[in-house]
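Chain A is already provided as a structure; the job is to place chain B on it using the hints.
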Amino acid sequence: MRSERQVTRRHLLGALAATGAAALWPAGGAAQPRAVSTRAIPASGEAVPAVGLGTWITFNVGNDPVARDACADVMRAFFAAGGRLIDSSPMYGSSQAVVGYGLRKLGALARVFAADKVWIGSGSRGPAQIEASRAAWGVPRFDLVQVHNLLAWEAHLPTLFAMKAQGSLRYVGITTSEGRRHEEFERIMRSQPLDFVQLTYNILDREAERRLLPLARERGMAVIVNRPFREGALIRKLERHPLPGWAAEIGCRTWAQVALKFILAHPAVTCAIPATTRADHAAENVAAAAEPLPDAALRARTIADVEKL
Amino acid sequence: MSEWWTYSLSDFLLFSPRTYYRLFELYNDDIWPAQVAALALGAAILALIVRGPRGRGRAVAVMLAACWLFVAWAYLLRHYDTINWAARYFAAGFAIEALLLLVAAARGNLSFRGVVRDAARSTGFALFAFALVLQPLIGPLLARPFAQIELFGAAPDPTVVGTLGVLLAARRVHWTLLVVPLLWCAVGGATLWAMQAPDAAVMPAAAVAATALSALKSRAFRNRGARVATPHE
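Residue numbers (this note's numbering), protein chains in the order written: chain A, 1 to 309; chain B, 1001 to 1233.
Anything over 10 Å on all C-beta distances counts as not near chain B; from chain A, calculated:
no., residue
1, ARG134
2, ALA136
3, GLU154
4, ALA165
5, LEU215
6, PRO244
7, PRO292
8, LEU298
Label-pair distances were calculated between CB atoms; the ranges are:
no., chain 1, residue 1, chain 2, residue 2, range
9, B, SER1008, A, ARG253, 30 to 36 Å
10, B, ALA1092, A, ALA110, 39 to 45 Å
11, A, ALA43, B, ASP1029, 44 to 50 Å
12, A, ASP280, B, LEU1183, 39 to 45 Å
13, B, TRP1073, A, GLY107, 33 to 39 Å
14, A, ILE303, B, ALA1037, 56 to 62 Å
I should point out that these hints are in silico values taken from the structure, not numbers from a laboratory.
Built from N, CA and C at the ideal position, the CB exists for glycine as well.
Next up, chain A with everything else stripped away, as it sits in the complex:
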């Protein structure tokens, strides 16, 4: 049931002009994207680019003006490549404020698909935390708020559903990472009308394939994939080895592209959110969503080859 389409440069430029974000695009034609692959959010049919931007560690740079500008450069490259979804959390130190700094600097408040989390043990303090997060981003409202690692989800989900009903939030989700609490995660997916779920899935961490990803398709939930590179450790390990010959068959020039295409080829996946400190990597990641993606046979071969390394 995956809905996927290629957005042409003309479509993108039109959309950007409508949001006033065209200024983000460098004047040079070489930096302009040819196409960006999108996926539909099952709950609404809205299309989002299949590669987003994570902010765990990489955007937690405090008040360092040099590092904040470097993060804004990453965001500029990400947006210019066609990316939209940025994910953060109050748990990530200064990341939310740094995202907000970048959005204001780039004039990209209307461009971003703002995905954040609520992460507090007290349900009654959830709304205040969400409001503080929104203020840090500087957006009029969040597109998506997720309950971070299921913390106090019983208390937070009613708040989020109420916000959605009032129009102060567009989508509601839950998150987990590194395969934790999958049984409870599954129970919540079965019992709650969630729009999004966020979980860990990559070439080596495939626990989600067993139950959660099929369930997300069945229940019509969008899936955001975190830790696609195992916080970079997977790519650092793979880069010690030459890229296999079959990588060229799916248009990959780097191991990072191989890892992302593997994830995005799963029919339940809506968006992967790699984090990076490099602008060129941000653009390269967004480009990895473009066709062709590996078929089932090549995905199996990818697993076999990577597990041997």
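Same frame as chain A, now just chain B:
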């Protein structure tokens, strides 16, 4: 925290090593020239614990308390808190240590008179000198920029190691004053370990040395039947 056994140290690291060390660069720039005062305080403390007039125990405790308070406010609250939401709790711990040192100063508990010339005393002097002179140089020796230097009285790690040195050099063991520094050795060591820093063993090593020598000193003190009131200096 559910499924706590599935977490590793690196799961708790909120920032990159680059951000962590760059913070010291910004901090040093922000507090300049407070480093000069901190080093002067350090030199004064070293002189006083080696040899000094009556009342030096009170003076040392007050100066140490000033260092802990400054680190709590200037570094932990105003800088580290921007990248680590736990820093405010660490700052509270540092403030508690400062308070305990001030109480020790008021009561005249910290004494350096009549100290037995044992391994604890020698190690205490060495540890303090290390914290004042050598520990700040570890970063530059590991090719980190000199501007990111961590100094006694301004940065937490050398302040904590220096305090362990002072407490080891004191006449008797002050377990109450040792708790917070030892806890910070665990926190600081774990942070550096998670960042895979080459000098990650420094803080745990200082903690192990301080704990072992304090335990030996405590036992020797009891064996001598020296449970007498500490003479006020």
